[in-house]
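Asker: Guided by the hints, dock chains B, C and D onto chain A, whose structure is given.
Protein chains in written order, with UniProt numbering: chain A, 1 to 390; chain B, 1 to 390; chain C, 1 to 390; chain D, 1 to 390.
Keep in mind that the hints were calculated from the coordinates and are not lab data.
One should not assume that every hint holds.
Since the list can't tell identical chains apart, any single copy or any two copies may satisfy a pair.
[As the list claims (entries may be wrong)] Pairs of lysine-lysine, DSSO-like flavour, derived with a Cα cap of 30 Å: (1) Lys293 with Lys270; (2) Lys308 with Lys83; (3) Lys304 with Lys83; (4) Lys208 with Lys293; (5) Lys83 with Lys107; (6) Lys182 with Lys270; (7) Lys46 with Lys313; (8) Lys83 with Lys233; (9) Lys49 with Lys293.
There are 4 protein chains.
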Amino acid sequence: MNSMVSLRSVFMDGGCNSRFQDKQKMLKARKKPVKVLAVSSQKADKSIKVGILGASGYTGVELIRFIANHPYFSISLMTADRKAGQSIGSVFPHLITQDLPDLVAIKDADFSNVEAVFCCLPHGTTQEIINGLSTRLKIVDLSADFRLQDVHEYAEWYGQPHKASELQKEAVYGLTEIYRNKIQSARLVANPGCYPTSILLPLVPLLKDSLIELQDIVIVSNSGVSGAGRSAKEANLYTEVSEGIFSYGITRHRHVPEIEQELSDAANSKVTVSFTPTLMPMSRGMQSTINVKMAPGVLVEDLKQHLKKFYEKEEFVVVLPDGQAPHTKYVQGSNGCHINVFPDRIPGRAIIISAIDNLVKGASGQALQNLNLMMGFPENTGLSCMPLFP
Amino acid sequence: MNSMVSLRSVFMDGGCNSRFQDKQKMLKARKKPVKVLAVSSQKADKSIKVGILGASGYTGVELIRFIANHPYFSISLMTADRKAGQSIGSVFPHLITQDLPDLVAIKDADFSNVEAVFCCLPHGTTQEIINGLSTRLKIVDLSADFRLQDVHEYAEWYGQPHKASELQKEAVYGLTEIYRNKIQSARLVANPGCYPTSILLPLVPLLKDSLIELQDIVIVSNSGVSGAGRSAKEANLYTEVSEGIFSYGITRHRHVPEIEQELSDAANSKVTVSFTPTLMPMSRGMQSTINVKMAPGVLVEDLKQHLKKFYEKEEFVVVLPDGQAPHTKYVQGSNGCHINVFPDRIPGRAIIISAIDNLVKGASGQALQNLNLMMGFPENTGLSCMPLFP
Amino acid sequence: MNSMVSLRSVFMDGGCNSRFQDKQKMLKARKKPVKVLAVSSQKADKSIKVGILGASGYTGVELIRFIANHPYFSISLMTADRKAGQSIGSVFPHLITQDLPDLVAIKDADFSNVEAVFCCLPHGTTQEIINGLSTRLKIVDLSADFRLQDVHEYAEWYGQPHKASELQKEAVYGLTEIYRNKIQSARLVANPGCYPTSILLPLVPLLKDSLIELQDIVIVSNSGVSGAGRSAKEANLYTEVSEGIFSYGITRHRHVPEIEQELSDAANSKVTVSFTPTLMPMSRGMQSTINVKMAPGVLVEDLKQHLKKFYEKEEFVVVLPDGQAPHTKYVQGSNGCHINVFPDRIPGRAIIISAIDNLVKGASGQALQNLNLMMGFPENTGLSCMPLFP
Amino acid sequence: MNSMVSLRSVFMDGGCNSRFQDKQKMLKARKKPVKVLAVSSQKADKSIKVGILGASGYTGVELIRFIANHPYFSISLMTADRKAGQSIGSVFPHLITQDLPDLVAIKDADFSNVEAVFCCLPHGTTQEIINGLSTRLKIVDLSADFRLQDVHEYAEWYGQPHKASELQKEAVYGLTEIYRNKIQSARLVANPGCYPTSILLPLVPLLKDSLIELQDIVIVSNSGVSGAGRSAKEANLYTEVSEGIFSYGITRHRHVPEIEQELSDAANSKVTVSFTPTLMPMSRGMQSTINVKMAPGVLVEDLKQHLKKFYEKEEFVVVLPDGQAPHTKYVQGSNGCHINVFPDRIPGRAIIISAIDNLVKGASGQALQNLNLMMGFPENTGLSCMPLFP
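The following block holds chain A by itself, in its conformation from the complex (with noise of 0.2 Å):
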């Protein structure tokens, strides 16, 4: 019996959600949410090996990041299918000291002794190369191939049949802090896009309990352009993004029925927003800036104490103090998610902000929190890293 099992037994005594139950109970036991040191007594074996298919994006890099200082993740498998066989520090310079392996193109990926997977690949691809893939393995999709729960949906959005839909029926959709349960047992999490992360988070606890009206929710979310990817574009040359900022995908960006999908799962009713994503001069960093009307009688206070309560226990999800605003480089580089809400001056109304680090908490920060989930670890194992300020 190697280390890696006895550790992991430690967790899973008792079956697959004692682990967690565990942390709730610790969690609880404390009023304020503070840090854990998220590496243990437990020996760092990095006996687990993952793989990471489209590891020469942005998000690919960031998992590389966070699974350096992992305990008990390494990676064995990396696919890039145009830059196979370069070394991983030949397109990232930043990583020439670490022992990482070669990329690969996917065809030639070897799964063999791998556990678990992150998909970095782009919408559209995904499906089909997960579908091929052994159900041995454990996946978290960085993509929006299986984040619609109605593959005619997808179709709609996408201009192009899924190709995996009874798969799709497998599929949890990753947004940690709310389907934490589902995710432990999922062998398929479907991570949440970064605007929807930056707007689920505050207003799926609201609308589960008819805190807020249906009508009328008006977003406007700010984004860094890393969230456009690595691929050269001319829109996203320095020269043209910085010192400026434009909206894009007015109407009909793709996060928009993943954000109606979860809102109206949560109100149990459609919910139809207005959403307006803007490109800001900045490589990470999001904001969404919510506007909301208030069930009658419900208080600009009974927001922000709901949000509060919900969320008291969580460490990577938290509600400023009153007047406090979010500020996106507060966490920059860290899968925090910072909240608060405001009164409007249209009575009955009310302004929330949420603020992530689109690349960590909105893409691959919650990735590996939810693999965590998968393979029973403590969920924030990993992701220990401070923002980066200034």
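Answerer: For chains B, C and D alone, kept in the frame of chain A given last:
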């Protein structure tokens, strides 16, 4: 008779409005607005002396930039109390080759040969100073001190009583495209704030014609940092601002009463808006994303056509082609305001986006546009600088 | 006789050089260089048609910016092979209000009413195209294709034989302040590169007068990203460039032969320099830090006084007051070059720093300055835009 | 006996140097430096209490970031005179979830349970404060107050007499890779400046082995703005810094005596260098471009091989593959120093380029590396954060 007098008589022949009427005629003659080379055949004698009070800030220096290429105005007086005695080249080294007077304290200012004054002083100190100036002087005030018609509202938002309530009655709100006629005959113009300019230009025409509802106007505005001025504050350091965004003054930003005053005037009924300003990691630029409910039966296309028609003769306000989002970088350094209207996912609502350079159309550019009008010149004189891109 | 002819006869009366001599006289009359309002009393008829080959890049669009305010030039032809058929407003939305012709493929270009051409095409393709143009046309070429007098050196650095070696003999190197006389009578001007401009303006006068040694000239130059052009490359994405710096083309940057050619000419002896270009997280701006060994007996003050005297009549080249370091932001958007000289800690050596906007004095601004001269106009015509600050 | 004691005895068994010798043995065993997961099998008890004097600045907060993930150190004391009484979350909202003590005035600091102190106070005030601390405390001073061995030189450059000249004799200069042995047994370490670190790491080994000449060492260094600290100054506002660069402190930057002291020590002869620091529009990062004359017969390849060999066992100092230029973004947030050597066009000279994060290897990272050594821990403990990219 000097050449200036003869020049002005050309414009002013037949009364104060004839120049404008001529321009209107000329503008009517052409279908699409083309940029007119502002400098016409008259001699560039720069014989009209103007003063800048508070010349060491960003709006002051932006006025200097434009007036340098103005054919009729020259700067003969610049004040800056804390930098009195210094040359402008020592305060702004990029002006080192300019032939400009040294900075003086305002108490030492000699207004004897000055015909007009731009007042770039801080809010709160301006009322008394302007009150003390000769009524012979034309004044464009870039502070907020004369923007609110109701002096009680001023007291409420600024925490001190208005110190020049008589003068307030005379002040004309300087949103050029809306109040052009009044501005032409004004002696004191209260130049609009940057946020209000970006919001009022699209909304006022729509409210005047009752195309949108007064309820639930939700505005999220993003601004470059120069709006915070040149004073040294920790929050505006490069290290604090770069690569991050955050909202501030939520619910209680001082531009709100100005916005609501003008919207209420246009609607002939009290309007209360939601307004969330957000600071961007860029020096210049402002985008307002405005979500409105359309009046019964009104379509998005109606809003757009109304704005297109309202501004079709304007050089600076441009309604963009269908689907094209405004980009603040595309008006950087210019007096332009780009506007477009988009359908919202929420039935019956629309998204209106406007972009300006907060220091130009949002401050000094519009100020010069106003003084041009007040002095009987084509309002685009000296404002023909193209946007700086990239 | 149209007004343009009479205008040009004013400047050109008495031979090609009289305009310049007049300017020299005028300049001599004043002690310190003051900015002259370029637009004089003549009618702004814009009757001279010019063409821009390769108008969809950053140097092309910068020419459009300046020519928009040029009283005599207008653009009647713009080519861009990959964007042929498009309006300039669709390629550069900030130009949407400009009355400009659509882009055409170069093979479809009609030069019949064009008097002069700016050539903004890529290196390597330019020689053949210019070779095929009518000798009636005045040409300012912004590529490197005609900068090297020695066609063998061209072949060596560019890896292909020179395709217009006859034409090369005719080409004049367009460093305006140094070669003004030759430029005035030139038909084909090879506009200098940005790095060479920033380096040659301070060094040429010092080498000509033997104030510095030829050995151990160490140059470190920092450049904004716009120098890399508008083509989509991963390395120039916002996410790759922001918040970081790196050197490139060390030892073998293609601007080196151009720099050494001109320094050797000035020194009348072969000069070999150390040159390290570094990419900055900014769109525009270039600083060269040049470390030189002074000739025996020469002092830092001698270098400075020599440069001051050499450039005292120039509008665009400014030697700063003692101790003041050039700042690229203080020439942003303008045709200025700021220079200063500092003592080095190493005895006998000095530090010379120069700053320009790489797209203006380093490219399109100097190109227009040159065409002004070639066409007999004051060289600052259309170039009176002040720096954009902040 | 608590677990910490037993842990330390593991490292310290056999005298102060054994740990290091063990590490050397281990390091020698492997060919290429691979990143070692710093957290080993011992319990992360964080039982060693450290204090941070001057915790409200950027070096203070960077120490907090690293210590948060340090398995043995915890912070029990933080001082900040002007912000005394505030929580760290109110001064740095990104630390809001951290369990840290409130800030106190230094006069109220309780050192009773503290074993070591990081001193992040301003230059000039530090000597007296450190002089007053118990000799029981280990101290890493990040100011310049103990860096110059010669107290007269301190007086000359800092304009005031040294106030702790006895203590100066004891201070060890904390360039870890060079002075590792001395640092292990030091009580007071003077942590190097950022510029010196980036310059000394490549130059000291070359001078020690006489591979380069002492004359004509020309250094141009580019630094991010965080080096200027968090105090509010007009020159460091976003609007002044973004999109521009400028040199400062030319000839007389206070890091010069520190650089020359160490270079002279290495060369065993007085060395005087040319040094031009330049401010970059980025928060973090530093590149030094160092132009040197090689000793007779020495080749560029010799310099490179010497540096490779010198640093082959080091985790943090990396000599890059041939031709690859260091990029500050590739060490952002990490304790790395990337170095490469390039041939110069000038025969006999070479270009050496190094890149660090000025706040990490140039300040707080190296400080922690030093305290780790002083306390008997592996020097990379708590420093395993990967660079943040993009």
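Asker: If a hint holds in the structure, say so; if it doesn't, say that too.
Answerer: Hint by hint, here is what the structure shows:
1. In this assembly of identical chains, the alpha carbons of Lys293 and Lys270 lie at most 30 Å apart whether taken from the same copy (16 Å) or from different copies (20 Å).
2. Proximity of Lys308 and Lys83 under a CA criterion of 30 Å is satisfied inter-copy only: 28 Å between copies versus 46 Å inside one chain copy.
3. In this homomeric assembly, Lys304 and Lys83 come within 30 Å of each other (Cα to Cα) only across copies, at 28 Å, whereas the closest approach inside a single copy is 48 Å.
4. When the C-alpha separation of Lys208 and Lys293 is checked against a cutoff of 30 Å, the pair qualifies both within a copy, at 15 Å, and between copies, at 26 Å.
5. In this homomeric assembly, Lys83 and Lys107 come within 30 Å of each other (Cα to Cα) only inside a single copy, at 13 Å, whereas the closest approach across copies is 37 Å.
6. In this homomeric assembly, Lys182 and Lys270 come within 30 Å of each other (Cα to Cα) only inside a single copy, at 23 Å, whereas the closest approach across copies is 50 Å.
7. Within a single copy, Lys46 and Lys313 get their C-alpha atoms as close as 28 Å, and across copies as close as 23 Å, so both meet the 30 Å cut-off.
8. Taking identical chains as interchangeable, the C-alpha atoms of Lys83 and Lys233 lie at most 30 Å apart whether they share a chain (18 Å) or sit on different chains (16 Å).
9. For a Cα distance limit of 30 Å, the shortest separation of Lys49 from Lys293 qualifies neither inside one copy, at 48 Å, nor across copies, at 49 Å.
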